[in-house]
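Visitor: If you're matching them up, the sequences are chains A and B in order.
Counted from 1, the first sequence has number 149 at position 149 by the numbering used here; the numbering is strictly sequential.
Counted from 1, the second sequence has number 797 at position 338 by the numbering used here; the numbering is strictly sequential.
Worth flagging that the hints you see were computed from the coordinates, not collected in a lab.
As the structure is a computational prediction, the values presented were derived from the model and not from experiment.
Quick reminder that beta carbons are idealized off the backbone N, C-alpha and C, glycines included.
Just to be clear, a hint being listed does not mean it is correct.
[To be verified] Label-pair ranges, simulated between beta-carbon atoms:
hint : chain 1 : residue 1 : chain 2 : residue 2 : range
1    : B       : Arg720    : A       : Pro201    : 45 to 51 Å
2    : A       : Thr458    : B       : Val900    : 38 to 44 Å
3    : A       : Arg328    : B       : Ala853    : 27 to 33 Å
4    : B       : Pro583    : A       : Glu405    : 24 to 30 Å
5    : A       : Arg403    : B       : Glu590    : 31 to 37 Å
6    : A       : Arg261    : B       : Thr524    : 17 to 23 Å
7    : B       : Arg720    : A       : Thr458    : 30 to 36 Å
8    : A       : Leu312    : B       : Gly638    : 24 to 30 Å
There are 2 protein chains.
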Amino acid sequence: MMRPPLPSPSTSPAPALAESTGVPARTLARDLPSVPPGSVVRLQGWVHRRRELATVTFLVLRDRTGLAQIVVRTGAGPTAPAVPPEETTVEVTGTVTANPQAPGGVEVTGLGGAGLLITPLTDPAETPPVELWRPALSAALPTLLDHAAVAWRHPAQKARWEVAAASLRGFRATLDAAGFTEVCTPKLVGTATESGANVFPVDYFGRPAYLAQSPQFYKQQMVGVFERVYEVGPVFRAEPHDTVRHLAEYRSLDVELGFVRDHRDVLAVLRDVLAGMADAVRASGAAERLGVEVPRIPAEFPVLHFADALELVGAPSDEPDLAPEHERTLGEWARAEHGSDFVAVEGYPMAKRPFYTHPEPTQGPGDPRWSNSFDLLFRGLELVTGGQRLHRYADYVAAIEARGEDPASYASYLEAFRHGMPPHGGFAIGLERWVARLVGVANIREVTPFPRDLHRLTP
Amino acid sequence: MMRPPLPSPSTSPAPALAESTGVPARTLARDLPSVPPGSVVRLQGWVHRRRELATVTFLVLRDRTGLAQIVVRTGAGPTAPAVPPEETTVEVTGTVTANPQAPGGVEVTGLGGAGLLITPLTDPAETPPVELWRPALSAALPTLLDHAAVAWRHPAQKARWEVAAASLRGFRATLDAAGFTEVCTPKLVGTATESGANVFPVDYFGRPAYLAQSPQFYKQQMVGVFERVYEVGPVFRAEPHDTVRHLAEYRSLDVELGFVRDHRDVLAVLRDVLAGMADAVRASGAAERLGVEVPRIPAEFPVLHFADALELVGAPSDEPDLAPEHERTLGEWARAEHGSDFVAVEGYPMAKRPFYTHPEPTQGPGDPRWSNSFDLLFRGLELVTGGQRLHRYADYVAAIEARGEDPASYASYLEAFRHGMPPHGGFAIGLERWVARLVGVANIREVTPFPRDLHRLTP
Numbered sequence: 001m002m003r004p005p006l007p008s009p010s011t012s013p014a015p016a017l018a019e020s021t022g023v024p025a026r027t028l029a030r031d032l033p034s035v036p037p038g039s040v041v042r043l044q045g046w047v048h049r050r051r052e053l054a055t056v057t058f059l060v061l062r063d064r065t066g067l068a069q070i071v072v073r074t075g076a077g078p079t080a081p082a083v084p085p086e087e088t089t090v091e092v093t094g095t096v097t098a099n100p101q102a103p104g105g106v107e108v109t110g111l112g113g114a115g116l117l118i119t120p121l122t123d124p125a126e127t128p129p130v131e132l133w134r135p136a137l138s139a140a141l142p143t144l145l146d147h148a149a150v151a152w153r154h155p156a157q158k159a160r161w162e163v164a165a166a167s168l169r170g171f172r173a174t175l176d177a178a179g180f181t182e183v184c185t186p187k188l189v190g191t192a193t194e195s196g197a198n199v200f201p202v203d204y205f206g207r208p209a210y211l212a213q214s215p216q217f218y219k220q221q222m223v224g225v226f227e228r229v230y231e232v233g234p235v236f237r238a239e240p241h242d243t244v245r246h247l248a249e250y251r252s253l254d255v256e257l258g259f260v261r262d263h264r265d266v267l268a269v270l271r272d273v274l275a276g277m278a279d280a281v282r283a284s285g286a287a288e289r290l291g292v293e294v295p296r297i298p299a300e301f302p303v304l305h306f307a308d309a310l311e312l313v314g315a316p317s318d319e320p321d322l323a324p325e326h327e328r329t330l331g332e333w334a335r336a337e338h339g340s341d342f343v344a345v346e347g348y349p350m351a352k353r354p355f356y357t358h359p360e361p362t363q364g365p366g367d368p369r370w371s372n373s374f375d376l377l378f379r380g381l382e383l384v385t386g387g388q389r390l391h392r393y394a395d396y397v398a399a400i401e402a403r404g405e406d407p408a409s410y411a412s413y414l415e416a417f418r419h420g421m422p423p424h425g426g427f428a429i430g431l432e433r434w435v436a437r438l439v440g441v442a443n444i445r446e447v448t449p450f451p452r453d454l455h456r457l458t459p
Numbered sequence: 460m461m462r463p464p465l466p467s468p469s470t471s472p473a474p475a476l477a478e479s480t481g482v483p484a485r486t487l488a489r490d491l492p493s494v495p496p497g498s499v500v501r502l503q504g505w506v507h508r509r510r511e512l513a514t515v516t517f518l519v520l521r522d523r524t525g526l527a528q529i530v531v532r533t534g535a536g537p538t539a540p541a542v543p544p545e546e547t548t549v550e551v552t553g554t555v556t557a558n559p560q561a562p563g564g565v566e567v568t569g570l571g572g573a574g575l576l577i578t579p580l581t582d583p584a585e586t587p588p589v590e591l592w593r594p595a596l597s598a599a600l601p602t603l604l605d606h607a608a609v610a611w612r613h614p615a616q617k618a619r620w621e622v623a624a625a626s627l628r629g630f631r632a633t634l635d636a637a638g639f640t641e642v643c644t645p646k647l648v649g650t651a652t653e654s655g656a657n658v659f660p661v662d663y664f665g666r667p668a669y670l671a672q673s674p675q676f677y678k679q680q681m682v683g684v685f686e687r688v689y690e691v692g693p694v695f696r697a698e699p700h701d702t703v704r705h706l707a708e709y710r711s712l713d714v715e716l717g718f719v720r721d722h723r724d725v726l727a728v729l730r731d732v733l734a735g736m737a738d739a740v741r742a743s744g745a746a747e748r749l750g751v752e753v754p755r756i757p758a759e760f761p762v763l764h765f766a767d768a769l770e771l772v773g774a775p776s777d778e779p780d781l782a783p784e785h786e787r788t789l790g791e792w793a794r795a796e797h798g799s800d801f802v803a804v805e806g807y808p809m810a811k812r813p814f815y816t817h818p819e820p821t822q823g824p825g826d827p828r829w830s831n832s833f834d835l836l837f838r839g840l841e842l843v844t845g846g847q848r849l850h851r852y853a854d855y856v857a858a859i860e861a862r863g864e865d866p867a868s869y870a871s872y873l874e875a876f877r878h879g880m881p882p883h884g885g886f887a888i889g890l891e892r893w894v895a896r897l898v899g900v901a902n903i904r905e906v907t908p909f910p911r912d913l914h915r916l917t918p
């Protein structure tokens, strides 16, 4: 496909830095209160709110750090700058002026020698589908989800994601400091062997492939290389449930570590990780802006054995799992008895755990029908699943054969164990569940910018 | 499915900390040289090498931090501990002994009062498919890839991924410090509109869906919320190429930022990001262990206009793109003329760039048939594509209609622009290409633990 030759451009020099041309550097809304009154500043952002009174128009400007008030004296006549409609992006140049009634005690006006300049950076914005300037976003959930690109601009909605972003930062910082290595494992896999159900099929160059439900097999193999690994990535579950706590694609915060004694060592790492996440959320200020309490992470989580948990909630002793109402009761118990937002339940029946789960050891008081695994409940909701895994090759072969399957179909996974693996374990935290529980919303879609579920694949 | 009730377990106390029972805390191989000789230490790791001589067996132990030498005096008779085969995981307790000839000047022996204990943590390992103890991994690429779980344990192979992990750390640290917010955008999308080709189809609850080729549309929408965003995630390309520089799934390091003047502001951020990545790689020590030079990042990248680049490589002025041999020539030019491993080419023809690309502005010396976009070449290979994007709604509608498409099919993406977006731009770095070029391998599969391509979907 030939195109006519383009004219050779004049060599254009790199644009001069704003700082060297007399134009002041951009000031962020957050920093405005610390600028000396009388200074000329240049702000950039969105027209968050335009309020026109008789002789004055208030422009509240929104940038990534907060809000700033600009005062336009329209009584001055036709030379007063026009304020474009809400959500239009603008650049504002004016003078910082003290006003105890303005947010942060300062506003920007044209009172100084420089006048007030408001320059639109785009065409005037159309009226948004939700009222972003109101203190609370009153949109119904479908409206929020359908108009995510705009609705998430609301400061409260934005702060929910800032909780998520801070959590990721705290997760990685804690693990980096503890000698963990970040890994990236494939999301396209050739077999659906891990759970066998609820996988999304992919047409892979005409061959069948599947989306990974978890990095489980890969993170274990990488323990053989790095001892301690973590991954933050998407996982995919073709779950035909339509509930407030399931998504078809979500972010899994995966950890796996070698040379553990048992699942209690894994639980201790989980404790430190959640403490690091909570600290980062606190430091971000996002929880404070939302008016929510960041949970205090106890030095050790209260731990209940599964059998004791059943007894505590009054369930029959042969129940194979905890129902949501049982989890709620245990959450209330942990709060009342231990002042803790968290409680770990260990020893889940082997029959309900995946084949790679390590049973309770037969030496000591354990029973191999129970497992060295745990769930961690956060405010009465399952947040984390984890535990110790098998590490002997022979145990894997036996566990796979006991399911009536052929170990040969797990050959590349099992190679790690044939050639020496340490006792190890790990866990996975669902990011969306953590954030939803922390900010106090029931439906994880309210904290997920572009959720995917049985019914929703857009925007 | 009912199960017989399990016996209620005795309440087992949390395992006592090793430190409180007289067992020394684990010492890492890296820290051994700083332990005073005569101290009793406990090491854990893999039998990296077992060398049996007449009266002594050398055990080189490998853990996540390096190697440690253990000396077993077999002349002592049947009480000498047995050394299990290579790759078996073991725990070793013994006494630190100075030996100028040992790595780090120390080794662990049974000379102290405590004797030497070697406890296998698993059954004896089978002989690995590659010789991990040799200084260089001599396996052919298919062997490396087929036996990834074991082959990546080789210290040189492991160091390659440590370069990748350090790069991710440096990427995020640079952007976190510059006010960027990490975002997580969906990998399952409802339409294949971005490029229209080379997408993997997914069976999504019986409906068609696709794997995202890039987070482009979503990161732009999130600029409307956070101004400055980044994402590290998998991207999927059903490219029918079988080359040394393409994968069907790879890690894309995506950045997008608002309130830029043009693509040169984006390039300046890219420069800082790569400098942060290079610093983190340097600090990790992995490049040094591999004997490779971490590139020096110039204060500003040399920039060539596309038309000038064509002239420089002697290509016809109507060529619409740069061929790999052109990129190599430009890399040599940058090295010779500017002492730089990097060179940016800006102004690629609009006809070869995606529809959201911003043209050169018509005011000034620009020509709207050229674009405000760039490629960054690293040692003569395209590493990054980036540039300024359109930001006016009307420009999007015109660009989509010019392709003969209906803007309605882009409705949710375009909503961001209808309701006010700033001038913005961004870029995407391919993690595997960066690492491959940095460590000096031609095939990106050599730095990717579980690559996915036209032929390979396992392990």
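Visitor: Against each hint, give a clear statement of whether it holds in the structure.
Guide: Taking the hints in turn, this is what the structure says about them:
With their beta carbons about 46 Å apart, B/Arg720 and A/Pro201 fall inside the hinted range of 45 to 51 Å. As the Cβ distance of A/Thr458 to B/Val900 is approximately 40 Å, the hint placing it in 38 to 44 Å holds. As the Cβ distance of A/Arg328 to B/Ala853 is approximately 53 Å, the hint placing it in 27 to 33 Å is violated. Between B/Pro583 and A/Glu405 the CB atoms are about 26 Å apart, so this pair conforms to the stated range of 24 to 30 Å.
Checked against the given bound of 31 to 37 Å, the beta carbons of A/Arg403 and B/Glu590, roughly 35 Å apart, stay inside it. The beta-carbon spacing between A/Arg261 and B/Thr524, approximately 20 Å, falls within the hinted interval of 17 to 23 Å. Distance hint check for B/Arg720 and A/Thr458: the Cβ-Cβ separation is about 33 Å, which falls inside the suggested range of 30 to 36 Å. A hinted range of 24 to 30 Å is violated for the C-beta pair A/Leu312 and B/Gly638, which are about 47 Å apart.
Violated hints, in rising order: 3 and 8; the structure is consistent with all others.
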